[in-house]
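S.K.: What follows is the residue order along each chain.
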Amino acid sequence: MVMTLNQLSLKRNGKQVLENISGELAGGKIIALLGPNGAGKSTLIQSMARLLKCDGDIELKGQAIGCYSAEQLAQNLAYLPQHSQLQFPLEVEEVLSLATLPFALTKLQQRQQVKQVIQDWGIESLAHKDFRQLSGGEQQRCQIARTYLQLSNMKPPSAKTPDQNEKSGGLWLLDEPASSLDLEHQQQLQKVCRQAANEGHCVVIVLHDLNQALHLADDVWLLQEGKLKAQGNVTEVMTEELISEVFKVTARRIEDSGKYFFIYS
Amino acid sequence: MIKKLLVSPFGWLIGILLSLCICLGALLLGSLDAHSLLNSEIGHNILWNIRLPRVLLAFVIGASLSLAGVMIQSNVRNPLADPSLIGVSGGAALGAALMIVAADFIDIQVHYYIPVAAFIGGILATMAVLKLGRNDMPGGMALLILAGIAINVIAASLIGLLTYLATDSALRHITFWSLGSLASANYFWLTLCSIALLLVCIWLPRQHRKLDAILLGQAEANTMGVDVKRLQIQSIVFVALLAALAVSACGIIGFIGLVTPHIGRMLIGASHRYLLPLSFFLGGSLLVIADGVARTIIAPAELPIGIVTALLGAPVFIWLLIREGKRLQW
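Protein chains in written order, with our numbering: chain B, 1 to 265; chain U, 1001 to 1330.
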């Protein structure tokens, strides 16, 4: 198991933003966090990244998350925040190379990795631009690429021990990564998420597009007002009744060539 | 190109040579010509005991303030932050003003004690700011800056009260001190400031990637393996040390800490690997030049150096604001 949450609760300004959240994040899975605005999705993902202190226990690979040093933590999880704001003129390449910071790599390895990730993500033309001058979508892509580079440095579960319990790579926490991506890059993101999961990492992703969640996720955690309304396999959780109730819309789930889609009215 | 130079030994050689040239120029600049400086006893005295420590101190303090500026701006992720924001110059000014006013009532060698009082004031004020601004919330750094502003305001109002009580000569002294001057440079303060700068120069370059990560954001840095809080506290302690020593040795010198990091970033970007060495040389050289201007432009009298740096720095800063505004379409 990559991460285990046990009875997570958080109170902020007298308001219960997270209430008794428990669950397991297993390697090889993509878990979508869904819920209306203010349901606690970002708060939850921030708690997973140890950016917020809350009541309850979080275990990362069997050890309390508090025991990890900042460096060790970064060797096990990568986090993409919802908004990033850079005030200073850093180049895209410089931003990307920061992903190798927690790992003991030679300068040469760092350069090769950065070059590779730039190629993989098709951002060659942006590599030497000032990060602040990129469009919102371009910035988002670079940040996703940065966290992916960090993730890909995490020790993949050894192939020699195919024991399912040992299957625990890194944890990739993505807070609304698709919000400003165009269709092409949304699909690229989905592909990379699946690839990361296949390599044994666990991907936690906050999404607003329910259809995207339906196609991408293995499991879904449905949040409402800080509580876990439902948790489990994607087609079991994302039913017409639950989605309609939580999102206060009339949702219909239709099936087309073995795939489900939601339409709303 | 400049970037590669800056991290190569060759680039360092050029930086050192350029700085030496500037220092040498400043050394020879002044009322006596080079010939009489080297050949008469008075000339020797002026050269070795007055000008040399002064020029070197200018370089060390310029470099210190500039590095302190980089550290504070990067740590609070705010391009408008200045080393004085953590309360250190306000406290130092208050300490100095107290000593100047007290000198009218007690019979002491005030020149020796003003820097000491300033140093104590600066450190006390910084400690108060750290105490006030200490919290575990994500906005901790913003709170620290606000606490710094509050302490600076309190210090300023107390200085105002003191000037009300002060005699005319003390008043003049306070005003002159608060504009900064390197006139009282000596080897004692040069040694102290150099040791502090050396400590920072040993520690800081190793943090260059961590500082880059903080630029991206606290959450990002925290999840990229940087213990942000620890790095911030360490940085603040070093900033306080550098700024307190600088203020004590030569009064308040504005704009170097604010503007030189920006000039550096405009030249080579914000990556600390390059920015740190560049700021070191730029800050040092700029203050040496500013001091050269300050002591020759109305010779035999002297301008307070704070006026020169502000007059040079403010237009640069305004130009920078306009340029940045255009580039980022604010």
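Quick caveat, the hints were computed from the structure, so don't treat them as lab data.
Beta carbons: idealized from backbone N, C-alpha and C, even for Gly.
Among the hints, a few may not be true.
Stated by the list, open to error - Straight-line alpha carbon distances no greater than 25 Å define the calculated DSS-like cross-link-like pairs of lysine-lysine that follow:
#1 B:K15 / U:K1131
#2 B:K107 / U:K1131
#3 B:K107 / B:K61
#4 U:K1131 / B:K53
Said to hold, decoys possible - Computed far set for chain B versus chain U, every beta-carbon distance over 10 Å:
#5 S22
#6 L90
#7 V95
#8 I118
As the list claims (entries may be wrong) - Per label pair, the in silico range of CB-to-CB distance:
#9 U:Q1234 / B:T235: 47 to 55 Å
#10 B:G56 / U:G1160: 46 to 54 Å
#11 B:H128 / U:W1203: 29 to 37 Å
#12 B:N198 / U:W1203: 42 to 50 Å
S.K.: Compare the structure with each hint and give your call.
M.R.: Verification of the hints:
1. B:K15 / U:K1131: 28 Å, violated
2. B:K107 / U:K1131: Violated, because 40 Å separates the two Cα atoms, which is more than 25 Å.
3. B:K107 / B:K61: Distance of about 29 Å is beyond 25 Å: violated.
4. U:K1131 / B:K53: 22 Å, holds
5. S22: Holds, because the least Cβ-Cβ distance between S22 (chain B) and chain U comes to about 23 Å, which exceeds 10 Å.
6. L90: 5 Å, violated
7. V95: 7 Å, violated
8. I118: With a cut-off of 10 Å, I118 (chain B) remains clear of chain U, as the shortest Cβ separation is near 17 Å.
9. U:Q1234 / B:T235: 47 to 55 Å: The hint (47 to 55 Å, Cβ to Cβ) holds, given that Q1234 (chain U) and T235 (chain B) are roughly 51 Å apart.
10. B:G56 / U:G1160: 46 to 54 Å: 52 Å Cβ-Cβ, so the 46 to 54 Å window holds.
11. B:H128 / U:W1203: 29 to 37 Å: Given range 29 to 37 Å: holds, Cβ gap about 30 Å.
12. B:N198 / U:W1203: 42 to 50 Å: 43 Å, holds
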